[in-house]
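Trainee: These protein sequence lines map, in sequence, to chains D and W. The opening position of the first sequence corresponds to residue 1 in the working numbering, with each subsequent residue numbered one higher. The opening position of the second sequence corresponds to residue 365 in the working numbering, with each subsequent residue numbered one higher.
The set of hints was computed from the structure by calculation and includes no laboratory data. Hints may be right or wrong, so weigh each one.
Said to hold, decoys possible - The calculated DSSO-like cross-link candidates involving lysine-lysine, where the alpha carbons are at most 30 Å apart (straight line), are:
id: 1; chain 1: W; residue 1: K559; chain 2: D; residue 2: K97
id: 2; chain 1: W; residue 1: K392; chain 2: D; residue 2: K90
id: 3; chain 1: W; residue 1: K578; chain 2: D; residue 2: K90
id: 4; chain 1: D; residue 1: K17; chain 2: W; residue 2: K498
Claimed, not checked - If you want the footprint, here are the derived chain W segments under chain D, 3+ residues with CB under 8 Å:
id: 5; region: 397-407
id: 6; region: 435-445
Said to hold, decoys possible - Now the stretches of chain D that chain W is said to cover, found in silico as 3 or more residues with beta-carbon under 8 Å:
id: 7; region: 184-198
id: 8; region: 231-242
Just so it is clear, CB atoms sit at the ideal spot from N, CA and C, and this is done for glycine as well.
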Amino acid sequence: MPRVSFEHITKNYGAMKVLDDLNLAIDDGDFLVLLGPSGCGKTTLLNLLAGLLDITDGRIMIGERDVTDLDPKDRGLAMVFQSYALYPTKTVHGNLKFGLSASKLPREEIEKRIAWAARLLQIEPLLHRKPGQLSGGQRQRVAIGRALVKNVAVFLFDEPLSNLDAKLRTEMRLEIKKLHDQLKSTIVYVTHDQIEAMTMATKIAVMNGGVIQQFGTPDEIYERPANLFVAGFIGSPAMNLRQARLSVAAGKVEAVFASGVRLDVSDYPFAASPQDGAAVIAGLRPEHFVLAASGPVAASFTVPVQYAERTGPDASAYFMFEDDLLALRVEPDSAARLTPGQSVTVSFSKGKANLFDARTGQRM
Amino acid sequence: MNDLSNAQKAVGADIAVRSAPYFPRRKKAITGRSIAIIAFLSVCALFFCVPLYVVVVTSFKTMDQIREGAMFALPNVWTLEAWDHAWNSACSGTRCEGLKVGFWNSVFILVPSLILSIGLSIVTGYALALWNVKWAGPFLFVLFICAFVPFQIIMFPLISMTATLKVYGSIWGVAIIHAVLAMPVLTLIFRNYYKDIPQEIMSAAVMDSGSFWKIFVEIILPMSGNILIVVLILQITSIWNDYLIGVTFGGMGAQPMTVNLANLITISTGTVRYNDNMAAALLTAIPPLVIYFLVGKLFVQGITAGAIKG
């Protein structure tokens with residue numbers, strides 16, 4: 001049974017339609033990440049679930065309950081905000097306690113829960129400080145603590161890590177993931193950071209223009225993007241997307257690029273049988289190229305080096321291929337040997353290509 | 365030698381903090397411009413200080429000395445007689461009970477009107493700024509217009525309204541009029557202050573508690589210290605120094621201190637008792653002064669406090 005489901009959600013801001021007939025359901029214990037660029041409607045969707053915005057049309061279910069018209073406090077949710085939204089005049093203890101103010105719990109139970117959350121998040125020494133006396137990471141913990149004490153089934157996170165520095169973000173990412181494993185609660189998490197999405201989510205919904213482009217596990221999203229938007233959005237450096245034409249002959253299917261380079265896609269799991277001459281867009285992940293191939297490859301061609309850049313453990317090299325840059329992931333050692341202008345033979349691994357219909361942008 | 369300095373030497377780097385560049389400041393010469401400014405400011409200061417000096421010394425003189433005519437002379441004998449007379453037994457009209465009547469009237473007007481005006485406007489401002497109120501925009505516009513309606517225009521309707529409510533000529537009449545007239549401006553002040561509270565804090569509070577009053581008392585009110593000080597000082601000063609409302613709605617029995625003072629000075633028979641008048645004027649001015657001294661520092665903080673940091 002789904003824990004949270006959005007049914008035919010429509011949301012208008014005045015005359016502008018932000019979400020149109022959106023459907024999405026997640027199971028108990030799922031970690032759903034709503035991922036998309038700014039203005040794609042992901043925060044709107046979260047606020048609709050929280051009850052902070054009124055829904056124009058449709059229905060939201062949490063468990064068996066229809067919460068569409070319930071007040072935010074009655075929905076059984078807890079939310080962590082991007083700016084933490086701690087109450088500046090209350091101590092950490094007061095902040096956690098106010099989180100329970102709607103619940104009418106007995107005093108001992110309240111204190112027990114605060115103590116539990118404080119221990120879990122290691123903020124016990126901070127309980128009597130005010131938010132102004134805390135660092136960014138500590139405030140983030142308190143904000144999470146204020147959600148935890150409510151002991152609800154569904155937690156909402158609205159870009160909670162975007163105000164932290166890179167190192168702290170990695171730490172907190174791991175901690176939120178650990179909390180999820182420990183508490184087995186359902187989480188809906190909004191972010192524009194694909195690394196957060198890939199590392200934490202059990203399910204990702206990629207959104208753009210108020211429409212869910214693809215919903216699936218991180219692996220599905222990465223390995224088999226449903227359309228050109230998802231293909232271009234996920235991955236860094238981004239997937240190389242190139243126009244080609246299919247050539248079907250004697251049981252062999254190839255994608256032929258403008259320059260005549262032929263990519264063998266015979267083993268591609270086409271949804272419909274491939275048509276000879278069909279215009280396609282081939283998506284080639286940078287990491288599926290090899291510089292020195294051993295064994296069968298899908299394509300092999302020689303291109304000039306433009307430049308190479310190293311990002312610590314990894315390196316990317318950029319080649320000029322048909323008047324556009326082609327990104328490749330390479331070993332840092334080999335990247336050091338590449339000099340701009342040098343021609344290098346690169347190969348694309350078998351069975352790794354993504355093909356999209358050039359007309360519809362959908363996966364083939 | 366420690367490792368770091370060795371390492372620095374090894375790479376030939378000069379990481380040591382260089383002494384900051386030294387720019388000697390030129391001694392400022394006294395220019396004609398600054399002399400003019402100082403002269404102008406001195407005249408301005410004298411403009412306020414000389415009358416104040418005269419008022420203060422006169423209030424401590426005896427009538428005998430005042431008749432001698434040396435206005436700037438210090439008192440021969442320092443005496444509090446005039447102060448005592450002004451407070452306890454000076455005549456205003458036919459009553460000779462001094463300023464204390466007016467003082468207590470003013471206090472009894474001040475307290476309820478403060479509570480009423482601030483209490484109502486702080487909640488209205490909170491609701492308008494942080495909750496979805498239907499027609500909030502038009503309502504604010506009307507308030508804005510109301511804030512600019514001159515009191516004289518609505519004076520007569522207000523008199524008949526207070527008469528109908530049977531509060532005309534009583535302390536409550538004056539207090540209520542003060543509260544009502546202050547409402548538009550105070551509501552706008554509170555509303556604008558609360559508009560700066562981050563929306564996410566309000567969203568968090570709505571999800572945590574959802575109760576209008578609980579959020580107000582526990583979250584919003586503790587964040588309002590600065591603006592409360594500002595509004596408190598504005599209100600105390602304007603109510604205490606008001607004359608027109610007091611003289612219009614106070615009738616005979618509920619005249620505030622300012623009206624009392626005016627009567628005391630203008631309506632007198634025989635010789636003008638300058639020392640009494642000066643003492644009475646000073647007595648009337650003391651309460652707002654005391655307030656300024658007590659919370660003046662907080663007032664400046666309140667005015668300059670802009671964004672509310674989380």
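Trainee: Which of the listed hints are broken here?
Mentor: 2, 5, 6, 7 and 8
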